[in-house]
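2 protein chains.
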Amino acid sequence: MITSIQNNRVKEWRKLSTKKGRLQTDLFLVEGMHLIEEALKSEWEIKEIILKEDKVLPTACTGLPATSVSNQVFHSISQTNSPQGIIAIIAMQEQDITYSNGDLLLIDAVQDPGNLGTMIRTADAAGFSAVLLGRGTVDLYNDKVIRATQGSLFHIPLYTVDLLEEMKAIKKAGYSVWATALENATLYHETPVGNQTALLVGNEGAGVDQELIAESDQVVHIPIYGKAESLNVSVATGILMYYLKG
Amino acid sequence: MITSIQNNRVKEWRKLSTKKGRLQTDLFLVEGMHLIEEALKSEWEIKEIILKEDKVLPTACTGLPATSVSNQVFHSISQTNSPQGIIAIIAMQEQDITYSNGDLLLIDAVQDPGNLGTMIRTADAAGFSAVLLGRGTVDLYNDKVIRATQGSLFHIPLYTVDLLEEMKAIKKAGYSVWATALENATLYHETPVGNQTALLVGNEGAGVDQELIAESDQVVHIPIYGKAESLNVSVATGILMYYLKG
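Residue numbers (the working numbering), protein chains in the order written: chain A, -10 to 235; chain B, -10 to 235.
If you're looking for bench data, these hints aren't it; they were derived computationally from the structure. Do not take every clue at face value.
Identical chains share a label here; the pair holds if one copy fits it or two copies do between them.
[Said to hold, decoys possible] Calculated lysine-lysine pairs in the DSS-like style (CA-CA distance at most 25 Å, straight line):
| no. | residue 1 | residue 2 |
| --- | --- | --- |
| 1 | Lys216 | Lys133 |
| 2 | Lys216 | Lys36 |
| 3 | Lys36 | Lys0 |
| 4 | Lys0 | Lys44 |
| 5 | Lys216 | Lys30 |
| 6 | Lys234 | Lys216 |
| 7 | Lys41 | Lys216 |
| 8 | Lys160 | Lys41 |
| 9 | Lys8 | Lys216 |
| 10 | Lys234 | Lys36 |
| 11 | Lys36 | Lys9 |
| 12 | Lys4 | Lys157 |
| 13 | Lys9 | Lys30 |
| 14 | Lys8 | Lys157 |
| 15 | Lys44 | Lys161 |
| 16 | Lys234 | Lys8 |
| 17 | Lys30 | Lys0 |
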């Protein structure tokens, strides 16, 4: 059992709580048994398991390298307020983009981790085929993003791309790109839905970048009937994704 | 200017960060100019303004009683990490329920403040006529709820009720109650929409209470096409509210 927070392996694990540390190693942390089970069901590779001293390795994790650590060490690595006592170190997956059938979600510069995670979860639920993250978007491997995905990050292909460049390929592949905006936009439920749609949503405050809107095939908006100024971006994205699937 | 955190008024203000303190006084705190502007546009009564020492009273607040406090005092009252330096004390409104035209949102035991606030914001945006909060729901005047509403709590009537009792009156008033559930439910987009709908959504983990489901006219669910186990409750509620309005 590791009992020193100065231990070198502990220092390495702790670095994974920063984006820099994750990018240097292509590894990230996932906490709690529900998320680890979702990873086990997927193609993602779990490198090792870290257990708090009073925990035993769950049967589902049999065969994985596991290390016990003291309470103090565990809390120095954990990023939750009430940790469940189990953390997995998982290898990032870099896949080449392929466009199969099915709608795409394109995310431009969404900043709130809870919003991004929820959007990935909803894209999975709605049966979208992939999520493309523009470079200005919050880091996918942020612990709050991972928690909000509820495991969907292991189930739907996710790509980090330059959206402006990638949109050319998407349009060539036969997709109709729907950007969301408040101005110069048609009502979403009066916009004809084509065969395959790439839905493009944007930053919580600024919306979708103007350059990207200029490259879109349709610009749509969700009507506001009351006094609210706007919808939360993950709610708006959910409404549009389910509309497109309906 | 008040400079002591032991000052009696400061102690009273600080009590408003707890549910108990709010219920004893029928007052609550709202932070930041955007939310205060939304309150000013509404019928809600702002009792007073608290300003951090380096802030001047905004023109929009002219005529309201205002008190300057030291940085230390302000931070002892503020519930945000990066406070904007202005807080309003607002009186709770207890209204008698009236059912006008328009759809209703019924919320049973939602626990996450961000979810509840987002649902109120979306109900306002979707033009619903009121939101009814079951008694097991997180406190409406929690600061995180208020922030997530983005001011919509001042714009749409909100009632805290016993849902089981209130549903009788709702049905008498001609509403069709749609409960959401994963089992024994029809697909929402294959369920006939009546004239006026009361949409009933439930707790993040347990869903809608079985007793309430038994009293509902329709039980609907949103299909999951991918590997996600469920949708976030505020996203699901948004999808259904906009479907009902469409």
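Hint-by-hint comparison with the structure:
1. In this assembly of identical chains, Lys216 and Lys133 lie within 25 Å of each other by CA distance solely across copies; the values are 20 Å between and 30 Å within a copy.
2. When the C-alpha separation of Lys216 and Lys36 is checked against a cutoff of 25 Å, the pair qualifies only between copies, where the shortest distance is 23 Å, while the shortest distance within a copy is 50 Å.
3. Within a single copy, Lys36 and Lys0 get their C-alpha atoms as close as 17 Å, which meets the 25 Å cut-off; across copies the closest is 51 Å, which misses it.
4. For the identical chains of this complex, Lys0 and Lys44 are intra-copy neighbours only, at 21 Å inside a copy versus 43 Å across copies, given an alpha-carbon limit of 25 Å.
5. Taking the shortest alpha-carbon separations for Lys216 and Lys30, only the inter-copy value of 10 Å comes in at or below 25 Å, while the best intra-copy value is 44 Å.
6. Within a single copy, Lys234 and Lys216 get their C-alpha atoms only as close as 28 Å, which misses the 25 Å cut-off; across copies the closest is 16 Å, which meets it.
7. Taking the shortest Cα distances, Lys41 and Lys216 never come within 25 Å of each other, neither inside one copy (49 Å) nor across copies (30 Å).
8. In this assembly of identical chains, the alpha carbons of Lys160 and Lys41 never lie at most 25 Å apart, being 49 Å within a copy and 52 Å across copies at closest.
9. Proximity of Lys8 to Lys216 under the C-alpha cut-off of 25 Å is found in neither arrangement, the shortest distances being 39 Å within a copy and 27 Å between copies.
10. For the homomeric pair Lys234 and Lys36, neither the shortest alpha-carbon distance inside one copy (36 Å) nor that between copies (48 Å) is at most 25 Å.
11. Only within a single protomer do Lys36 and Lys9 lie at most 25 Å apart by alpha-carbon distance; the minimum there is 19 Å, versus 47 Å between protomers.
12. Taking the shortest alpha-carbon separations for Lys4 and Lys157, neither the intra-copy value of 37 Å nor the inter-copy value of 56 Å comes in at or below 25 Å.
13. In this assembly of identical chains, Lys9 and Lys30 lie within 25 Å of each other by CA distance neither inside one copy nor across copies; the values are 28 Å within and 45 Å between.
14. When the C-alpha separation of Lys8 and Lys157 is checked against a cutoff of 25 Å, the pair qualifies neither within a copy, at 29 Å, nor between copies, at 53 Å.
15. When the C-alpha separation of Lys44 and Lys161 is checked against a cutoff of 25 Å, the pair qualifies neither within a copy, at 52 Å, nor between copies, at 54 Å.
16. For a Cα distance limit of 25 Å, the shortest separation of Lys234 from Lys8 qualifies neither inside one copy, at 34 Å, nor across copies, at 42 Å.
17. Proximity of Lys30 and Lys0 under a CA criterion of 25 Å is satisfied in neither setting, with 29 Å inside one chain copy and 52 Å between copies.
Violated hints, listed in ascending order, are 7, 8, 9, 10, 12, 13, 14, 15, 16 and 17; each of the other numbered hints is respected by the structure.
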